[in-house]
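Here our numbering is used: the first residue of the sequence shown is 19, the next is one more, and so on.
There are no misleading hints in this set.
No more than 30 Å apart at the CA atoms, straight line, and that leaves these computed lysine-lysine pairs for DSS-like:
| # | residue 1 | residue 2 |
| --- | --- | --- |
| 1 | 156 | 46 |
| 2 | 46 | 160 |
| 3 | 62 | 160 |
| 4 | 62 | 156 |
Simulated DEER-style distance windows between Cβ atoms:
| # | residue 1 | residue 2 | range |
| --- | --- | --- | --- |
| 5 | 202 | 97 | 36 to 42 Å |
| 6 | 122 | 56 | 16 to 22 Å |
| 7 | 79 | 204 | 38 to 44 Å |
| 8 | 40 | 161 | 31 to 37 Å |
| 9 | 100 | 37 | 23 to 29 Å |
| 10 | 128 | 103 | 15 to 21 Å |
| 11 | 24 | 195 | 33 to 39 Å |
| 12 | 100 | 27 | 20 to 26 Å |
| 13 | 29 | 56 | 39 to 45 Å |
| 14 | 146 | 33 | 21 to 27 Å |
The hints are simulated quantities; they were obtained by calculation from the structure and are not laboratory data. Only a predicted model underlies this, so the values are computations on that prediction, with no experimental measurement involved. For every residue, glycine included, the Cβ atom is placed at its ideal position computed from N, Cα and C.
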Amino acid sequence: MEHDLSPLLPTLNRPFSEEIPSIIIGSKMLFDRSEVGERRGERKLYQKILMGNTNALSNVNLDSIQIQGENYGQSAVAPTIAINSAVTLLEAVRISMSDMFYIEPIQRNGEYYAGGAIDLVPVELAQSLAAEVICERKQSYKLQEEGSVRAVLGFSGNQRLQDIDQQFRGIGWIDTADAAEQLAGNYCKKASIGVDLK
19 MEHDLSPLLP
29 TLNRPFSEEI
39 PSIIIGSKML
49 FDRSEVGERR
59 GERKLYQKIL
69 MGNTNALSNV
79 NLDSIQIQGE
89 NYGQSAVAPT
99 IAINSAVTLL
109 EAVRISMSDM
119 FYIEPIQRNG
129 EYYAGGAIDL
139 VPVELAQSLA
149 AEVICERKQS
159 YKLQEEGSVR
169 AVLGFSGNQR
179 LQDIDQQFRG
189 IGWIDTADAA
199 EQLAGNYCKK
209 ASIGVDLK
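Produce the complete structure using the sequences and hints provided.
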């Protein structure tokens with residue numbers, strides 16, 4: 019995917035709306051190319067970043083949205099959360115779309131940014147800002163997906179989903195855990211393409 023999505027999504031190439039407050043989650047990479055392949059040890063490799071307009075971001079209490087628990091304590095995610103109101107809506111969308119395997123990170127002002135999968139279900143953020151929270155109850159990570167999240171971000175995606183289930187009982191849920199079965203034949207899914215080299 020291109021780094022500049024303005025030809026594809028020209029209407030998003032603007033500052034965040036003041037009338038419709040929104041926050042987009044991404045992650046800043048805390049390492050550079052020269053460190054690729056080195057053991058992580060105790061280092062944190064990613065930092066959650068919240069992007070939006072100044073007014074929306076000023077309502078965020080960073081202390082109250084920290085993800086708690088052992089699952090995150092030993093992860094590759096830094097405990098501090100960054101805020102950036104300087105990015106455009108289009109840049110924030112592109113940053114958030116980046117993925118650890120499918121869509122490469124984006125470089126901005128000499129720093130690299132990866133996707134929003136660092137916090138796929140941001141319940142803590144939603145609860146800190148809203149009177150009522152409605153969340154999607156996601157499917158469990160499959161073995162390969164769980165392994166990928168563990169390898170890159172250093173935490174268990176399935177443990178995160180279980181923690182949310184146990185810790186946040188007062189929110190509304192839209193259960194999409196069986197979406198793949200219910201939408202069989204009409205559901206987007208990742209697949210490997212085999213090539214026969216004769």
